[in-house]
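Kindly generate the complete structure, drawing on both the sequences and the hints.
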Amino acid sequence: MIKTARNILLALSLTTGLSAADKLSQKELKEIQALPLINMAQVEVKGGNDFGSLYGLNVKVKGRMDTIFLTKDKKYLLPGDAINTQNGQQLQLPVDISSTLGNEAFTYGTGSDEYVLFTDPECPYCKKFESYFSQIEDKVKIRVFFFPLSFHKNARDISLYIMSQDSYKDKKEAMLNTTKNTEAFKNRKIDEKELAKLEKDLDKQMKIARELGISGTPTLFDKDGNRIIWAQMLQNYGITVN
Numbered sequence: 007m008i009k010t011a012r013n014i015l016l017a018l019s020l021t022t023g024l025s026a027a028d029k030l031s032q033k034e035l036k037e038i039q040a041l042p043l044i045n046m047a048q049v050e051v052k053g054g055n056d057f058g059s060l061y062g063l064n065v066k067v068k069g070r071m072d073t074i075f076l077t078k079d080k081k082y083l084l085p086g087d088a089i090n091t092q093n094g095q096q097l098q099l100p101v102d103i104s105s106t107l108g109n110e111a112f113t114y115g116t117g118s119d120e121y122v123l124f125t126d127p128e129c130p131y132c133k134k135f136e137s138y139f140s141q142i143e144d145k146v147k148i149r150v151f152f153f154p155l156s157f158h159k160n161a162r163d164i165s166l167y168i169m170s171q172d173s174y175k176d177k178k179e180a181m182l183n184t185t186k187n188t189e190a191f192k193n194r195k196i197d198e199k200e201l202a203k204l205e206k207d208l209d210k211q212m213k214i215a216r217e218l219g220i221s222g223t224p225t226l227f228d229k230d231g232n233r234i235i236w237a238q239m240l241q242n243y244g245i246t247v248n
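Heads up: the sequence shown begins at 7 in our numbering, then just goes up one per residue.
These are computed hints drawn from the structure, not numbers from a lab. Treat the hints with care, as some may be off.
[As the list claims (entries may be wrong)] Listed next, with one range per pair, are the computed distances between beta-carbon atoms:
(1) LEU201 <-> THR77: 50 to 56 Å
(2) SER105 <-> GLY222: 15 to 21 Å
(3) LYS81 <-> GLU198: 30 to 36 Å
(4) LYS210 <-> GLN39: 23 to 29 Å
(5) GLN98 <-> GLU198: 40 to 46 Å
(6) THR246 <-> ASP209: 23 to 29 Å
(7) GLU50 <-> LYS81: 18 to 24 Å
(8) LYS186 <-> LEU43: 16 to 22 Å
(9) THR188 <-> VAL247: 24 to 30 Å
(10) LEU182 <-> PRO85: 35 to 41 Å
(11) LYS33 <-> GLN238: 31 to 37 Å
(12) LYS33 <-> THR188: 27 to 33 Å
[Said to hold, decoys possible] Here are the computed lysine-lysine pairs in the DSSO-like style, where the Cα-Cα straight-line distance is at most 27 Å:
(13) LYS147 <-> LYS68
(14) LYS145 <-> LYS133
(15) LYS68 <-> LYS52
(16) LYS147 <-> LYS210
(17) LYS199 <-> LYS229
(18) LYS29 <-> LYS78
(19) LYS195 <-> LYS210
(20) LYS213 <-> LYS229
(21) LYS229 <-> LYS147
(22) LYS177 <-> LYS159
(23) LYS178 <-> LYS145
(24) LYS81 <-> LYS133
(25) LYS229 <-> LYS159
(26) LYS78 <-> LYS147
(27) LYS66 <-> LYS213
(28) LYS36 <-> LYS66
(29) LYS81 <-> LYS66
(30) LYS159 <-> LYS213
(31) LYS210 <-> LYS134
(32) LYS175 <-> LYS133
(33) LYS177 <-> LYS145
(34) LYS210 <-> LYS192
(35) LYS159 <-> LYS134
(36) LYS66 <-> LYS78
(37) LYS178 <-> LYS199
(38) LYS192 <-> LYS175
(39) LYS68 <-> LYS206
(40) LYS213 <-> LYS186
Idealized CB from N, CA, C, for every residue including glycine.
Next comes the structure, spelled out in C-alpha cells:
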C-alpha cells in the first residue's frame, strides 16, 4: 500500500502540464534501448513520446506490450501509471496496432471514422456499448476482434458462432443479439473443418490482444492506436449514455 501510494505521488509530481506529445525519433529510441537496465531486463522499446518532463515508452516485455516512463536525463525508469494533476486522467501512449490489420473477425459499420474493438460476447460492459451501435453504424468502421475472457463460460463458443455467420448482416445480428439462450446458437452446426479454421482465427485475435497488453473488455482504439473510452466516443457523436 505504501509503495503504491508513493508511486502515485511520484507520478502526480511528474505529470503536471503534460499535454500533446511529440514522437521520439528512431535515434532517440536506439539510445534508450542501449541503456544497461533496459537490456538487462530484456525490454524491447517499440516506440515513445516526449511529454516535456519525461519520456513515455511503449515496450514489449516477455511478449506483452506495456507502458513505462523514463526521466529526461535517462537515469530513472518509472513503472506504473502516470496521472495528470489537472484532470486526474491516466496518461496513455498510442500503441502500434498494425498487427490488427486484416485479422479482425469482421468490420462493423459503413462510416469513415475507424476504430479497433476487442470485445467479449458475455461481457456486460461490451453489451452496453454495443446496444448503441445502431445509432453510429453509418458513422463508424469498427474492426471487431473477439477476446473471450476465461471466466465467461460461453464467450468462446459464442464468438465462434458469430464468426461462422456468412454475411455482414448475419454477423452483425449475431454479435448484437446472441446469448447462451439463443436458439440458433444452441442448435448451431459448424463443419469440423470450418470450426478448426475459426478456432485458429480466434486464437490469433486473442494473441494479438495479449501482445497489445489487453486484459479486459471492451477495449477500443482509434486508427492511430490511442485508447478510447467508449462512453466518450459515443458522446462525440451526440449520444448520451444512460
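Evaluation of the provided hints:
no. : hint                          : verdict
1   : LEU201 <-> THR77: 50 to 56 Å  : holds, 51 Å
2   : SER105 <-> GLY222: 15 to 21 Å : holds, 19 Å
3   : LYS81 <-> GLU198: 30 to 36 Å  : violated, 58 Å
4   : LYS210 <-> GLN39: 23 to 29 Å  : holds, 28 Å
5   : GLN98 <-> GLU198: 40 to 46 Å  : holds, 42 Å
6   : THR246 <-> ASP209: 23 to 29 Å : violated, 38 Å
7   : GLU50 <-> LYS81: 18 to 24 Å   : holds, 21 Å
8   : LYS186 <-> LEU43: 16 to 22 Å  : violated, 48 Å
9   : THR188 <-> VAL247: 24 to 30 Å : holds, 25 Å
10  : LEU182 <-> PRO85: 35 to 41 Å  : holds, 39 Å
11  : LYS33 <-> GLN238: 31 to 37 Å  : holds, 35 Å
12  : LYS33 <-> THR188: 27 to 33 Å  : violated, 55 Å
13  : LYS147 <-> LYS68              : violated, 32 Å
14  : LYS145 <-> LYS133             : holds, 19 Å
15  : LYS68 <-> LYS52               : holds, 13 Å
16  : LYS147 <-> LYS210             : holds, 21 Å
17  : LYS199 <-> LYS229             : violated, 34 Å
18  : LYS29 <-> LYS78               : holds, 14 Å
19  : LYS195 <-> LYS210             : holds, 23 Å
20  : LYS213 <-> LYS229             : holds, 20 Å
21  : LYS229 <-> LYS147             : holds, 10 Å
22  : LYS177 <-> LYS159             : holds, 21 Å
23  : LYS178 <-> LYS145             : holds, 15 Å
24  : LYS81 <-> LYS133              : violated, 45 Å
25  : LYS229 <-> LYS159             : violated, 31 Å
26  : LYS78 <-> LYS147              : violated, 38 Å
27  : LYS66 <-> LYS213              : holds, 14 Å
28  : LYS36 <-> LYS66               : holds, 15 Å
29  : LYS81 <-> LYS66               : holds, 20 Å
30  : LYS159 <-> LYS213             : holds, 19 Å
31  : LYS210 <-> LYS134             : holds, 25 Å
32  : LYS175 <-> LYS133             : holds, 18 Å
33  : LYS177 <-> LYS145             : holds, 18 Å
34  : LYS210 <-> LYS192             : holds, 25 Å
35  : LYS159 <-> LYS134             : holds, 19 Å
36  : LYS66 <-> LYS78               : holds, 20 Å
37  : LYS178 <-> LYS199             : holds, 23 Å
38  : LYS192 <-> LYS175             : holds, 20 Å
39  : LYS68 <-> LYS206              : holds, 22 Å
40  : LYS213 <-> LYS186             : holds, 24 Å
Hints 3, 6, 8, 12, 13, 17, 24, 25, 26 from the list above are not met by this structure, while the remaining hints are.
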